[in-house]
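Chemist: Protein chains in written order, with this note's numbering: chain S, 1 to 441; chain F, 1 to 441.
Hints should not be assumed to be uniformly reliable.
If several chains are the same, the list does not tell them apart, and a pair holds so long as it fits within one copy or across any two.
Unchecked claim - Cross-link-like lysine to any residue pairs, in silico, SDA-like; alpha carbons within 20 Å at most:
{"id": "1", "residue 1": "Lys342", "residue 2": "Ala12"}
{"id": "2", "residue 1": "Lys14", "residue 2": "Ser350"}
{"id": "3", "residue 1": "Lys138", "residue 2": "Thr37"}
{"id": "4", "residue 1": "Lys65", "residue 2": "Glu90"}
{"id": "5", "residue 1": "Lys342", "residue 2": "Pro235"}
{"id": "6", "residue 1": "Lys342", "residue 2": "Leu300"}
{"id": "7", "residue 1": "Lys65", "residue 2": "Pro209"}
{"id": "8", "residue 1": "Lys211", "residue 2": "Glu222"}
The hints are simulated quantities; they were obtained by calculation from the structure and are not laboratory data.
There are 2 protein chains.
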Amino acid sequence: MRRLRFPAGLVAGKLVRDVTIEYDAGLITAVVVGEPTDGTALSGIVAASFVNVHSHAFHRVLRGKTHAQGGDFWSWRDLMYRVAGELYPETYRRLAAGVFAEMLGAGITAVGEFHYLHHAMGGQGYSDPNAMALSLAKAAGDAGIRLTLIDACYLSSDVKGSPLRPEQSRFGDGSAAAWADRVRDLAAAVADEPHVRLGVAAHSVRAVPAKDLPSIRGVADELDVPIHVHVSEQPAENEACLAEHGITPVELLVETGVLGPRSTAIHATHLTDRDIELVAASGAGVCLCPTTERDLADGLGRAEDLVAGGIPLSLGTDSNAVVDMFEEARGIELHDRLRTGKRGVHGAASLLDAATRHGATALDWPEIGSLQPGNAADFIVLDPGSFALTGADSLDAVLFAATRNDVTDVYVGGTQTVAHGRHYGGILPETLGGGLAAVAE
Amino acid sequence: MRRLRFPAGLVAGKLVRDVTIEYDAGLITAVVVGEPTDGTALSGIVAASFVNVHSHAFHRVLRGKTHAQGGDFWSWRDLMYRVAGELYPETYRRLAAGVFAEMLGAGITAVGEFHYLHHAMGGQGYSDPNAMALSLAKAAGDAGIRLTLIDACYLSSDVKGSPLRPEQSRFGDGSAAAWADRVRDLAAAVADEPHVRLGVAAHSVRAVPAKDLPSIRGVADELDVPIHVHVSEQPAENEACLAEHGITPVELLVETGVLGPRSTAIHATHLTDRDIELVAASGAGVCLCPTTERDLADGLGRAEDLVAGGIPLSLGTDSNAVVDMFEEARGIELHDRLRTGKRGVHGAASLLDAATRHGATALDWPEIGSLQPGNAADFIVLDPGSFALTGADSLDAVLFAATRNDVTDVYVGGTQTVAHGRHYGGILPETLGGGLAAVAE
């Protein structure tokens, strides 16, 4: 049993003084607020770790490299496909381990990898058809992060169900049934990995023909895992879906059961009022990715209306051009300010929930995301003496002023993974550099 | 003479290898690119320092403390007035020194303080009527930053010329003539301070009656200094100005000569096409403050159209809720993406110009903002091995990925002011904390 004592902490939606965390065998056994204890005294503000619901680790290669070309979301996607074409199981593992280490350094202890780089170029399977997925699982182990491996079905290149384009060939399993069989094998392969849980996804209404959508939900139910789906990130997706099916992507996904109580809709930027009602009624959550959405010129989503509908919001770093959950969390509020001209739409406690416990639900790690007995001992420490945080005397102040650089220490299941802002276990930025270089070679 | 050799640098709008900076008596004497020299070898990416065109140092007190209340720009302003009411010359100096140190730590070596806290509460003058302004000058000296002290005329509470409200009383000099006399005294008082230059401002069309606007420009011409003005930050200002004068704030400011070749319009968020033509024709620049504009729910400005009109853009941290010129610089582009759905509107080199040399022009420090012989030896060093910058191999990548935390070293006129991310000379975050605490007392 260990007992760590901090001068301050973020507990139950407030910045409070004197927080002691007691943990044993990876689990929190007590959280004492307001009275100094005899635990080991440390400095800093202790808080629950972050949960990053939506990541494509390999997009990290593109950080800062897609700006000069102009264009829009779709031309950016062509660049992204080029990088996707250059990844192999071993380089994918090295790259992802570096990216996961970057996430840990930023206080993220669980990540949802939305994975669709399934096969070799041309679509041929590797000798193990799950080699690429298992590279992600190994990378998470290398880095020491919890992973929800969200295996995405990707069969078509548009809402009409057209065949995959050559640069998309490695995403495809040929049929929903073949995808399901591979996912069942993957479930068995990771069943004994304590740091890995499974999820499934329909990539989007573009990538899975309408007739196959119900079977994706079926596999999620069969395996009892979360189901994620990209929804209405760009107006063009809505237009194409309306033209083909006469209904919006949300309507299609609700009708086919993809959006339901175990579901998370990613982005959900361009929704109608009716879409929002449907998502709310379905029991699904929504994962916003504000830094990516502004990077990709997606537009301003309707976070205020989603919350008003009772929809839980979670957050993802998505393209990993930015890895900073503070920035994502306040991005919900700041984007709503730009859209509405109003301030203070979202309280800091609810923004923090989006970055922590709502994400934990979306990724099937319900035991993380808040500091309470029985939960996993996943927590982070912030430096209150940084220039950014000097003077911060409330949760609001911390949430709106902190950056990833203020995270000095990170614990995963009671194991310290980051100390003084440096990642333990040899996964340093240089390793990330090696991973990036390996892709470029 | 000193000669420092860096493995990389941002020079003339590009990330280049092997940069040597030679300087003597505070001035750059040579910049050698591409060939290793016998200078002292350092690590990192060397770059010109940042210029922060628009700051209200005392707003730093409000960082993270104005979010829970909801409201809008105008209710935020009421909170800000409350802080303004609690500042006195000595606390103002301590606070501003801490804030200026924070700016130096973020790589800013020149700041424009848009100053209107002129007098004691109730509007009585201090025994030295420039005591508050001189507190800023002393604070800049304490911290080691270059200051353009922009003394703002503030006479009325609305566009109709109504008297100041009680909480605005200390901003007012009673008349434009009295303001001008005080500013002439201030010019004499700082004339021998090498780190201080003067500017003047009309606070806004709300705060200076139309009849007095020409005289503000007159003082700028008389003293040969820059003139700044807040313009169209909120739609309500436009509406009130149209109702009172039948023309937009920009039209009024151009007609009265406030916007001209020596002018910088701050924000300029809600402009008409005609406004943009007029600003362009006047020769004025525009200073955007993207992180403040999203914080205050101002809305998305028209940066693309300003640039298309040939208007030079500069940048300010304004409310100092965020002090990160990388974030401001990419904010120009990211806000345009949210507005237009297009990417790559602004090249990285022009975004960097906004954060450096265009700002230097706006603040009358033309000798900083780019690495070239004859310029002041103001430069910064970035850590290319941080998680943020690992893999960054172009100016684009640096500009879109870096944060203030990647600035490790800062030189002002050849004097190292920040080393390893810590500010020299005793102005540490703790001093900022002391300054903040002094205000709260």
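Chemist: Could you run down the list of hints and mark each one as holding or not?
Modeler: Okay, the hints, checked on the actual structure:
1. In the homo-oligomer, the alpha carbons of Lys342 and Ala12 never lie at most 20 Å apart, since the shortest distance is 26 Å inside one protomer and 40 Å across protomers.
2. In the homo-oligomer, the alpha carbons of Lys14 and Ser350 lie at most 20 Å apart inside one protomer (11 Å), although the nearest pairing across protomers, at 42 Å, exceeds that limit.
3. With identical chains, the CA atoms of Lys138 and Thr37 are never at most 20 Å apart, being 39 Å at best within one copy and 45 Å at best between copies.
4. In the homo-oligomer, the alpha carbons of Lys65 and Glu90 never lie at most 20 Å apart, since the shortest distance is 23 Å inside one protomer and 47 Å across protomers.
5. In this assembly of identical chains, the alpha carbons of Lys342 and Pro235 lie at most 20 Å apart only when taken from different copies (13 Å versus 25 Å within one copy).
6. Proximity of Lys342 and Leu300 under a CA criterion of 20 Å is satisfied in both settings, with 14 Å inside one chain copy and 13 Å between copies.
7. In this assembly of identical chains, Lys65 and Pro209 lie within 20 Å of each other by CA distance neither inside one copy nor across copies; the values are 32 Å within and 49 Å between.
8. Taking the closest pair of Cα atoms, Lys211 and Glu222 come within 20 Å of each other only inside a single copy of the chain (19 Å); across copies the shortest separation is 76 Å, beyond that limit.
In the structure shown, a violation is registered for the earlier hints numbered 1, 3, 4, 7, in ascending order.
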